[in-house]
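2 protein chains.
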Amino acid sequence: MKRDIDTLLTERRLAAAVIIKGEHPNPTFRYAVGPAAQHLGTGYLVLRPGSKPHLLHGGMERDAAAQTPFERSEYGDWGYAKIREKEGSPVGASARLLQTLLQHLGVSGDVLFSGVLDVGQSYHTLERLREYLPGIRIAADTDPGLFHLARLTKDDEEVAAARAVGDICTRAYARIEEIIRGGRLEGKRLKDAEGWVTIGRLRRETRRIFFEAGLEEPHGNIVAMGRDAGVPHNVGNDADVLEEGKPIVIDLFPVEAGGGYYHDVTRTICVGRAPEELRELHSLVREAVDKAVESLHVGASGRTYQELVCDLFEARGHRTIRQDERIEEGYVHGLGHGIGLEVHERPNLSGSAANQDRIEPGSVFTVEPGLYYPSRGLGVRIEDVVHVKQDGTIETLTHVPYELEIAPA
Amino acid sequence: MKRDIDTLLTERRLAAAVIIKGEHPNPTFRYAVGPAAQHLGTGYLVLRPGSKPHLLHGGMERDAAAQTPFERSEYGDWGYAKIREKEGSPVGASARLLQTLLQHLGVSGDVLFSGVLDVGQSYHTLERLREYLPGIRIAADTDPGLFHLARLTKDDEEVAAARAVGDICTRAYARIEEIIRGGRLEGKRLKDAEGWVTIGRLRRETRRIFFEAGLEEPHGNIVAMGRDAGVPHNVGNDADVLEEGKPIVIDLFPVEAGGGYYHDVTRTICVGRAPEELRELHSLVREAVDKAVESLHVGASGRTYQELVCDLFEARGHRTIRQDERIEEGYVHGLGHGIGLEVHERPNLSGSAANQDRIEPGSVFTVEPGLYYPSRGLGVRIEDVVHVKQDGTIETLTHVPYELEIAPA
Numbered sequence: 003m004k005r006d007i008d009t010l011l012t013e014r015r016l017a018a019a020v021i022i023k024g025e026h027p028n029p030t031f032r033y034a035v036g037p038a039a040q041h042l043g044t045g046y047l048v049l050r051p052g053s054k055p056h057l058l059h060g061g062m063e064r065d066a067a068a069q070t071p072f073e074r075s076e077y078g079d080w081g082y083a084k085i086r087e088k089e090g091s092p093v094g095a096s097a098r099l100l101q102t103l104l105q106h107l108g109v110s111g112d113v114l115f116s117g118v119l120d121v122g123q124s125y126h127t128l129e130r131l132r133e134y135l136p137g138i139r140i141a142a143d144t145d146p147g148l149f150h151l152a153r154l155t156k157d158d159e160e161v162a163a164a165r166a167v168g169d170i171c172t173r174a175y176a177r178i179e180e181i182i183r184g185g186r187l188e189g190k191r192l193k194d195a196e197g198w199v200t201i202g203r204l205r206r207e208t209r210r211i212f213f214e215a216g217l218e219e220p221h222g223n224i225v226a227m228g229r230d231a232g233v234p235h236n237v238g239n240d241a242d243v244l245e246e247g248k249p250i251v252i253d254l255f256p257v258e259a260g261g262g263y264y265h266d267v268t269r270t271i272c273v274g275r276a277p278e279e280l281r282e283l284h285s286l287v288r289e290a291v292d293k294a295v296e297s298l299h300v301g302a303s304g305r306t307y308q309e310l311v312c313d314l315f316e317a318r319g320h321r322t323i324r325q326d327e328r329i330e331e332g333y334v335h336g337l338g339h340g341i342g343l344e345v346h347e348r349p350n351l352s353g354s355a356a357n358q359d360r361i362e363p364g365s366v367f368t369v370e371p372g373l374y375y376p377s378r379g380l381g382v383r384i385e386d387v388v389h390v391k392q393d394g395t396i397e398t399l400t401h402v403p404y405e406l407e408i409a410p411a
Numbered sequence: 003m004k005r006d007i008d009t010l011l012t013e014r015r016l017a018a019a020v021i022i023k024g025e026h027p028n029p030t031f032r033y034a035v036g037p038a039a040q041h042l043g044t045g046y047l048v049l050r051p052g053s054k055p056h057l058l059h060g061g062m063e064r065d066a067a068a069q070t071p072f073e074r075s076e077y078g079d080w081g082y083a084k085i086r087e088k089e090g091s092p093v094g095a096s097a098r099l100l101q102t103l104l105q106h107l108g109v110s111g112d113v114l115f116s117g118v119l120d121v122g123q124s125y126h127t128l129e130r131l132r133e134y135l136p137g138i139r140i141a142a143d144t145d146p147g148l149f150h151l152a153r154l155t156k157d158d159e160e161v162a163a164a165r166a167v168g169d170i171c172t173r174a175y176a177r178i179e180e181i182i183r184g185g186r187l188e189g190k191r192l193k194d195a196e197g198w199v200t201i202g203r204l205r206r207e208t209r210r211i212f213f214e215a216g217l218e219e220p221h222g223n224i225v226a227m228g229r230d231a232g233v234p235h236n237v238g239n240d241a242d243v244l245e246e247g248k249p250i251v252i253d254l255f256p257v258e259a260g261g262g263y264y265h266d267v268t269r270t271i272c273v274g275r276a277p278e279e280l281r282e283l284h285s286l287v288r289e290a291v292d293k294a295v296e297s298l299h300v301g302a303s304g305r306t307y308q309e310l311v312c313d314l315f316e317a318r319g320h321r322t323i324r325q326d327e328r329i330e331e332g333y334v335h336g337l338g339h340g341i342g343l344e345v346h347e348r349p350n351l352s353g354s355a356a357n358q359d360r361i362e363p364g365s366v367f368t369v370e371p372g373l374y375y376p377s378r379g380l381g382v383r384i385e386d387v388v389h390v391k392q393d394g395t396i397e398t399l400t401h402v403p404y405e406l407e408i409a410p411a
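Going line by line, the protein sequences match chains A and B. Heads up, the first sequence is in our numbering, so the first residue is 3 and it goes up one at a time. Heads up, the second sequence is in our numbering, so the first residue is 3 and it goes up one at a time.
Bound conformation, chain A alone (with noise of 0.2 angstroms):
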């Protein structure tokens, strides 16, 4: 939680954390320092044990900033025109500005550096500034890294943004099945008052429902019919008709407008009856959900629950990634992943002998097997989002019904 900060310093013996804000969005940047961040441009956030936390920012922007608990300075009380003018580039100016209100703070030794910034040019800032300020080391980061670590653990206004963000999300399944029921077969393909359904239709009327409710995609969404559900990551094609019998993946992860907090549900649906094949598919992926969920408790590792899933897929004969990671059918990727300011935090639930993260109580994360079969159009996965209480057990966040079939009028 935001409060760890402060001890995960301490405990790591760092003199500073420091928070760089470019132009790009900044998750660790809106974490520290709450919605106030959306209005604030580039800066720097210094974090300091003990102590008071500092802002630099625009001075543009200084009534978003006075709204911040920070103690706070602009870029113009560091004489920052001169600065710029003085080192000629930005990678100079900016490693300048740093070793000024470093030294001002009084750091000195290991300091971290976060924020989300061009790789080329914050290497060559952070090597300026080495230079400039030779009493200061780069410091490593652990993995999970400082800021995650704190993320890691939500607290109850976080769960209950997670919370919210999902039931926006079963609104929107629910407006997929109804227009499903409203529509009929011609053939084997679903059509309505307003003509053919589409798979872009459905995602027209997803992406409205969530505007309306004050939600983004910005990672868009997936919403993929057939052969294309087999694909994991493949997001679909807005001109196919709906049909009979074929499985569509539907995969939603929006956000807060403005960065807040992310959901991410998945859930794999089909137009009328579905076969054989498919039912047992669906079906098997939904006790690995059910087997996965039930089984989680607090200090096991996130890699023992893609364990638990992959002895359940082999069991009944689907080839699964951790026989080979390159393998197109079958289970192909990881468990799941933490969520909450990105899509992707941690705890990690993939089956990497390198993962070593755990269920932890205020722990946010997805469950979301899958088995793909491309070839044969197939593909299914089935995604909740979990939380572990403060007393170890479990709830699911997502609230969508699970039924693959739905039937037209």
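Among the hints, a few may not be true.
Identical chains share a label here; the pair holds if one copy fits it or two copies do between them.
[Unchecked claim] Quick list of in silico lysine to any residue cross-link-like pairs, SDA-like style, CA-CA up to 20 angstroms:
id: 1; residue 1: Lys4; residue 2: Phe213
id: 2; residue 1: Lys84; residue 2: Ala356
id: 3; residue 1: Lys293; residue 2: His235
id: 4; residue 1: Lys190; residue 2: Ala355
id: 5; residue 1: Lys84; residue 2: Ala355
id: 6; residue 1: Lys88; residue 2: Ala356
id: 7; residue 1: Lys54; residue 2: Arg74
id: 8; residue 1: Lys88; residue 2: Arg328
Think of the hints as simulated: they come from the structure by calculation, not from any bench.
Given the structure of chain A, go ahead and fit chain B onto it with the hints provided.
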């Protein structure tokens, strides 16, 4: 332009440029890859002068990758799971994968790194890479950087995209005008059939028009009245009811959904009759736009136009940022910025002596002078996007009326 990348690599004697794609939006990756980029996850794009670019991507995104013209490989082809396991940390795994890839592609010498990643993590990844692959050097970029230099000159398709987004902005302002004209004053405040007309209402209507047209506002927008209009980046207060005679600064900067091109336009309007002082400020800011745009010519430095506007404002008794970077009243910011796949690109039209940017054919940028007196409840900004055509003539891509006063019914 995109085709310049190869020449730039050669001129700078770079063995390669590597664009690292993480989970954050990455405009340079989008520039190099095209619209297919929005359906690609993490990966690496390696550009070598005279060779076909190589894209390393996730297996689940193979359908999107197949739409690119690049030489391709997947994580699995390089045994990434084993690498991840052996290296333990993500930093080590990324460095080892990069080493393997670059060695396979025969890259040694100066390599430019770009991409949008966490500062600390990417710093240590590149440090580790230097250790794993001593034959490469992490090249320092120029200013503007190589990719920003290429992006500085837009082709016809890019200009058309910026213009099309501008046309939708025109629609948004027309809707705002329609709302104001459809209201009536009760005392000094505006009301219509839906109730008091608020700042929030204008913002919502604008958002809806953008949504319907397939645009997003990842950086939000500004609809700010009175004193708030006097602080350039104050986004405005949704609860404020529109009041006769107060300036309302409306700054819109939407982008094509899924990571396309931006437009950026500002108008200052006023319900009913504007006080004399506001009309004078507005007329002077309008004059500054006209003077700057009329003077624009190929080869001139962006800085000269800021000087020109400062000259004009100072001659009329206003203080400017070139006199004091910390001022909060008068002309408090730079004249403009390039715009494209990011809302702030090159060329820069600020007044810093360090600003060496020049106006070139193909440049697309904003011209946005403003005058701010928050202590008197006043702020005026007018912003257009202009394009320098190949023949050196200037065309304004923004077509929104400049009128200050809008009379309610």
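Evaluate Lys293 and His235 at a C-alpha cut-off of 20 angstroms and name the case that applies: within, between, both or neither.
neither (24 angstroms within a copy, 51 angstroms between copies)
When no copy is named, should Lys84 and Ala356 be tagged within, between, both, or neither for a Cα gap of at most 20 angstroms?
between (48 angstroms within a copy, 9 angstroms between copies)
Same-copy or cross-copy closeness of Lys4 to Phe213 [CA-CA at most 20 angstroms]:
Classified as neither: same-chain Cα gap 29 angstroms, cross-chain 34 angstroms, threshold 20 angstroms.
Between Lys190 and Ala355, at a C-alpha cutoff of 20 angstroms, which is it: within one copy, between copies, both, or neither?
neither (46 angstroms within a copy, 68 angstroms between copies)
For Lys88 and Ala356, with the copy left unspecified, which applies at a CA distance of at most 20 angstroms: within, between, both, or neither?
Between copies only: 8 angstroms across chains, 46 angstroms inside a chain, cut-off 20 angstroms.
Within a copy, between copies, both or neither: which one fits Lys54 and Arg74 at a CA-CA cutoff of 20 angstroms?
within (10 angstroms within a copy, 49 angstroms between copies)
Since the copies are identical, ignore which copy is meant and state whether Lys84 and Ala355 lie within 20 angstroms (CA to CA) inside a copy, between copies, both or neither.
This pair counts as between: shortest inter-copy Cα distance 9 angstroms, intra-copy 51 angstroms.
Taking 20 angstroms as the upper bound on the Cα-Cα distance, should Lys88 and Arg328 be classified as within, between, both, or neither?
Answer is between; shortest inter-copy Cα gap is 18 angstroms, intra-copy 53 angstroms.
The structure fails hints 1, 3, 4 (numbered hints given earlier, in ascending order).
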